[in-house]
Structures are given as C-alpha cells and as structure tokens.
Amino acid sequence: MIKYLFDLVKGIVSLFEGLGVTLKHCFRRPITLQYPEKRPDISLRFRGRLVMPVDPATGDNRCTACMLCVRACPNHSIDVEKLIGEDGKPKPKVSKYIYNLGSCMFCNLCVESCAFAAIIMSDEYETAVQNKASLIMDLAAEKYKLSGKKAPWWQSKFKQEEGA
Amino acid sequence: MIKAPFEMEKISDEEYILNMGPQHPSTHGVLRIVLKLDGEVVTGLYPDVGYIHSSVEKMCENKKFEMITPYTDRLDYLSAVNYNWAYVAAVEKLMGIQLPERAEYMRVMLAELNRIMSHLLWYSAFGMDVGALTPIFYAFREREEVIDMVEGMTGGRLTHHAFRIGGFKNDLQKDFLSRLEKFLAKFEDRICEYEALLINNVILTARTKGVGILDKDTAINYGVTGPVLRGSGCAIDLRKNAPYSVYSKFDFRVCTGKNGDTWDRLKVRMDEMRESAKILKQAAAMLPAGEFCAKVPRVIKPAPGEVYTKVESARGEFGVYMVSDGTEKPYRIKFRSPSFSNLSVLKEITIGSKIADVVAIMGSLDLVIPEIDR
Amino acid sequence: MALLKELLYNSGKPLSEFSSWMHAIWAGWGMPGFLLDFIFQLVIVLAVTAVLVLNALWIIYYDRKISALMQIRKGPNRVGPFGLLQTLADTVKLLIKEDVNPKKIDILSFWIAPLIIFIPTFAVFLVLPFGNGLVPADLNIGILYIIAITGLSVIGILAAGWGSNNKYSLIGGMRSAAQIVSYEIPMVLVILAVVLMSGTMKMSGIVAAQSNRVWFVVPQFLGFIIFLIAGNAEVNRAPFDLPEAESELVAGFNTEYSAMKFAFFYLAEYTNLFLTSAVAATLFLGGWQGPFLPPIVWFFIKTYFVITILCWIRWTFPRIRVDQLMEFSWKYLLPLALLNLVVTAVILKF
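Chains as they are written, first to last, in the numbering used here: chain V, 46 to 209; chain A, 787 to 1160; chain X, 78 to 427.
Treat the hints as calculated values from the structure; they're not laboratory data. Beta carbons are placed, not taken as given, at the ideal position from N, Cα and C, and that holds for glycine. Don't take each hint at face value.
[Unchecked claim] Computed footprint of chain X on chain A, listed as stretches where at least three residues anywhere in the stretch have a Cβ under 8 angstroms from a Cβ of chain X:
1) 810–820
2) 909–918
3) 989–996
[Unchecked claim] For lysine to any residue, the following SDA-like pairs were computed, each having C-alpha atoms within a straight-line distance of at most 20 angstroms:
4) V:LYS194 to V:ALA162
5) X:LYS142 to A:LEU919
6) A:LYS955 to V:ALA117
7) A:LYS822 to A:TYR832
8) X:LYS151 to V:PRO81
9) A:LYS995 to X:ASP400
Produce the complete structure using the sequences and hints provided.
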C-alpha cells in the first residue's frame, strides 16, 4: 500500500518534471534558422557538388585530362574527354568533363585523387533540378568561379605545390 | 440505393490483418510488418524486409578496396563511422597496417560522437513513436551541434566517409577540441532534461515497463547484440569484451538493464550516451600529437586471405567478413548487420501485446532499414 | 457611452429592452411575434457561429505558437503579420484541394460524419454565458444539454471510422467510441457535484452561484482536475489522442479524409477544445466574473487560461495506451469522481 502511494506520488512528480522542462524551454531562444533568408555557416571541408573552378591567374581550369578521377570514382559519375588539337593529337587539356550529379555520392575520392587540384567539392548544397537531364553537366564548359572561404583554401593547395 | 461496402455474409470473426508499412509513420523507413490482430491485441506478426535491398555486398566485389568505404557509410546512415571502421579495420588487418596513435584516438572520438548522434536520433524518433512530439526538437538541437562538429572534421553531415584505409585524410580541424569541450560541458544536463521529459515520465514508464520482455537466452539465441542485448542484462560490449583500437585504455561502464523490457532498453541507451561523453572527455585529454595517417601503398592490394573484424556500433555488433584473392578488389564481402538480428527477435517479444506496444517495441529496437536490407 | 458600458457589463438588460422595443414596432406593423423571434434566433446563431469559426482559426494559431514556444521554434511567421493569417491560408488551401473519395467507402456515413461532428460542436455554445446576460438561449437544463449534445460527436467519429473502409480508421473509430463513453461518466459525476453546489442546471445560475462565494475551483479542486483530464480525453488531444494516434494508426478516423471534410474535422477538434475550456471556465472559474474588465473579456481570459494548460499538457506528454486509457478512467477517475460527489453532497447536507 505504501509502495503504491509512493509510486503514485512519484508518477505525479514525474509528470510535473516533464511540464517543468517544457516550461523552461519556453524562455529559451528559438534555435530556428529562417532558411532561405539566413544560411547556415558551412564548414570549410563541406562536400557539396563537384565543380571545376577557373583559376583566376590563368582564366582557365587546371585539368590535364589525366583520368585519375574517372578511375577513382566508385559510381562512374565522371567522364572525361581529352582535347584533340588541330594536329589531331590529344593535348593535356580537357574538352568535356561530364559529371553526373544524380549518381554522385559525394565521397570526395575524385578530389583526393586529383594531382593538380583541378576539381573540388563546392559548398553548393541546393542541388535539386527540374528534370533528370540537367543532373548531367559539363563542368569544363561551366567555368565555375569559386568564391567564399573555399576559394583561398583551394588556391593555397596548388600554390604550395607550384612553390615547392 | 446505397451499397454496403461488402456483403453481410462475408463478415465473420476471422483475424484482422493489418499491414503496417511499407509506408507507415512508425516503421522508420521502408519496412513492412504484417500484424494479425484480435481487437487491439497482436496475435501474429511477420516482418517483411527487402524493400530497399541494394545488394551492397555484391556491388563491393566490383569495387577497389578504397572505393568501398563510402558504401559502408550508407548501410547505416545514423552512425556511419562505426561501419566505416569495421570495413577499414578489415583491410588494415589483411595488409598489416599499424595505425599511428593519434589516428586511433581520432577514430574513437568520431565513433563516440556518432554513437551520441545515433542515440539522440533514436531518442527523438522514439518520442514520436509514443506520441510525444517535443523531444525531437530538444534532441536535434544537440545532434545538430555534433553533426556540425563531425562535418567540420570530415565534410559530410551523415555519410561522412570519415575513415580511409590507414587513418584519415585530414587532421582534426582547429576548433574541434574547443567545440567538443563546450558541447560536453552541457551535454550531461541535457541528458537529465531528456530523461525528465520522456524516459522517467509516468505515462511512458507505464507503457514500456513489462512490455516486450526479451529474456537473456532468447536474445542470445537470436544473435541480438548491442543495447538491446544489454537491456536484457547481458553485459556484452565489444569495446570491453573484445577491445579493438585503444578502447582498453578508457574507463567506462557497460550499461545493462535488469528485466529486458522496453524501458530497460531505453535506459541503456540514455546511459550509453553518458558513457560516450565520458570516453570523449578522456580521449580529448589523452589525444597525442603526431601523424594522423599511416604509410599506405598507393595501390591497395592485400595479401590473399580472409578476415573478420567487428565493432560495437550504435545498434550492436557490426562485422565484416572479407575474402581477398590478392587483387585490387575483394573476392567476397559479407556484412553482419546488427539490426537484422534485432528485428528477427521482434516476433518473439511482441505477440500478445497491443498495437501501440508494437510501435514502442520497434522503436526500442532502434532499427535502421538500409542496414537490414543491405 | 453609457449604453456601450451597459452593453458590455450588463448585456442582458439592453438586449431584452431592444428585443421588447423591436417587438412593439413589429406588432405595430401587424406581423406575428414568433417570426421576429425566429429572425432574432437566426441572427444570434449566425453571430455565434461566425465568432466560433474565427475563434477556432485563432486557437489553431495559438496552439501552434504555444507548441513552437515549447519546442524552441518560431512557429508560423510567414503569412501575414506574425503569421496570423497562416490558418486562414491553410483553410483556403484545404477548400481548393481535391476531395478524394476512396473506392468502396460507405458513401453516406463517409459524407455525413464530418457534419455530425461539426454541427453539435457549434450547437453546444447556445447555452454558454459569454457575459452577463450574454447567452444565446439560457435553458434551465443548460448543463444537461451540453452533456447530451457533446455525446453526439462520438457517432460522427464512429461513422467516419466505419465509412472510410480503412482498417486504421475502423480501429480509430472504435477506440474513440470506447474512450468518449468511458470518459463521459467521470465528467458527468464531476458536473453533478458542481450542480449540487450551485443548486441549478442553468449555466447562468451556476455562474451566479459563484458570485457571492469563492469560485468552485477552490472547493471542487479535485473535480476541476478530473474535469480537465476527462475533457481532454473527450476532445481527443494528447495524451489521449488515441483515435488519431499518428504513429500507430497513421491518422486514425480521418486517414481517408481530405480537403473540406478534413477541414471540418480540424475545425471541430479545435472548437471542441474551446468548448471544454469554456465549460471548465464557466463551471469552475466563475465564468465571466472578474474585476475591472468587461465580463466577455474575463470569459475569454479564463477560457484561454484553460486552453493554455491543455496545450502545455499536449506538447509535453507521450500518448497513453488504449488499455491504460480505459483502466485510468474506470479504476481511478470514476472512483475519485464518485468520492468527490459523495463528499460534496455530505458537506452540503450538514
């Protein structure tokens, strides 16, 4: 009987404890981020969609069409075409860099395999498109201009290499 | 003339069959459970898995070793790091790679952060299952902080692809330790708040105590692992019983329940979060300086042979059995996923309880469907 | 100015004066008096309904804001200033949505269910005193009328559960029937204690009985708690939202409902919430009585106080299980309510 009453009191106290927690939170600031107007602070290493940024020094991308990224990709999301020069011989330059956003799983393996820091995972996270065909994009033709805090980070990558 | 929905003679007292899922608010993914009901009481139950089978194991046979790591992320998107770990450890064991000390500590830290992430999501989802709609917002507030921390380190929010064979690709970011300290300082209080809000609530204890009792023997017979097994009073935790990496250096407790009912499983998870915080504190204090990646050959070609590695993931024992034939790709990979075994015990413990209990019990098993279906 | 004050503080007198004045003119025109009464009643009903629908829209917003406050969110804040027009936008959306009729439904009960739930909810407000003399129809069995009419809504839920031809809906409807029937009894017993204390079933009489003494919440505190619990169960709100338990029954009895029919359910649910709170305020918190402010303001303040408590409970507690729900009603609430009634009767006698 005493145990029963004790349990009853404990139960009622637990109810009020719960009410107290919610009441306490009434006076805390909301954690909502009003999304389209305010954006979250994206970390430097965030892996958004793959881009091939234009090097501001040369005004061209840094790709040499070495195919390392194609081989590194687990899903075959990347396809590279070499630039064929006027003399009919392939040049160390990319003519088409086909990237399939639909099958990409943002694992960063292609970026890690690249010896020239030609590609990078950007901080673009709104990657929804209207139709499936626009998921397949040509990164070389896009001439993406990297901005934000990723830009100096990316440039420091190859500047170090060239300096060394 | 209004037509009756069905003819009267067809009405009989046969069993009421209810399809829970594949699209149902409480199956947490694409799981179908066929319930046989007598009023509100469940008399039969049949879980139907395989809706999102993606043949990951077969896919892995056609991938190079380093390519498989991101796939293991996707088995369990809630504690991806632990699943990375089992796979990466298998390759490292085959190749005989010795990790630098710092990498081991970093791995422990990320794995424990992942465990906290996973348990926080379980907590909020369980709250939804039993009809409390507020816990999710409180738990996600902390989970967001953890995710931000891990994202800063690895670059991914859920599918981190954190581990590479031999260690890491990046070192911890500069503010990682300070953020971790800030987080851990208030996390203990937050867990107490969670318990006051949901776990100790008398309505919830009335709903979960004595419900879905899983006794020790049944649990072991079904190969149940993780918090579900520990809830049944079996103190088996791979971090203690078969310590991998540097887990033997930490001081933590294996949390167990007494009766093996649903409430014990909840309590075990809440306690485990506390223990994880404890491990994180110790690891942050003991973190050595130095390299974060071992010397790994450019082309990964393990010697022929077979290997089994296991880790204690947030859901239980996750094991990787791998056969290598000496090429760049594994000959065969088998994943031993904890949720599959944990699901198989569902039938044993739910028969005779109510519909609402099925939901609560399923929530307490903490299932992740892609990992069951693989 | 004096008239306005009179209208606000002592609405009964000017209204009846206005009525008899109109009657005199009407009789001067040689028209029968019942016609005018009919017109008056119609105007009153329309006015009350309009107020209640607007109020239901506002309560939905209020509930969402309360929940946002507790869940450290911001709540609706996009449509209109502070998101005030959010519910209006939602209603318009529901109005213009496709009305889905699944195959093999029992079309009659499927269509009539929202109406059965919707109409009694509004009919109940006929006897509720909003202010001093501001009561649409002051029946001398007012509280009995409220109990009788609210009991009707269970038929609507049952009809919705049956008519949808959906297993989840059927379970939801059955649960609701059991729940409302078993929570009606402790509620009625508590109301009976209040009736004993006030000596009348007239709603305005109950309010008047609280004017010279303390509010009934003090002597009937246990009764107030039981009334809140039972009332919360009657309006199917958490932790007693079993008929529409989302995680178990998808949406319970309104799984198959869409568009305007769903809006009916939704409005009825929130009007029911307002009703329970208003009845609680009238029976236990002294109705429209209070210092400084006009009676109607006090009535709404008290009602919203009760609504806030119910919202607070809703957003804190997990859902109770169906057998525990029955057990709680029959094993705890009913004996307590009986005890409350007997003690009240004994004390009043001596």
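Here is how each hint holds up against the structure:
no., hint, in the structure
1, 810–820, "holds (count 3)"
2, 909–918, "holds (count 6)"
3, 989–996, "holds (count 4)"
4, V:LYS194 to V:ALA162, "holds, 16 angstroms"
5, X:LYS142 to A:LEU919, "holds, 14 angstroms"
6, A:LYS955 to V:ALA117, "holds, 15 angstroms"
7, A:LYS822 to A:TYR832, "holds, 9 angstroms"
8, X:LYS151 to V:PRO81, "holds, 15 angstroms"
9, A:LYS995 to X:ASP400, "holds, 14 angstroms"
The earlier numbered hints are all upheld by this structure, with none contradicted.
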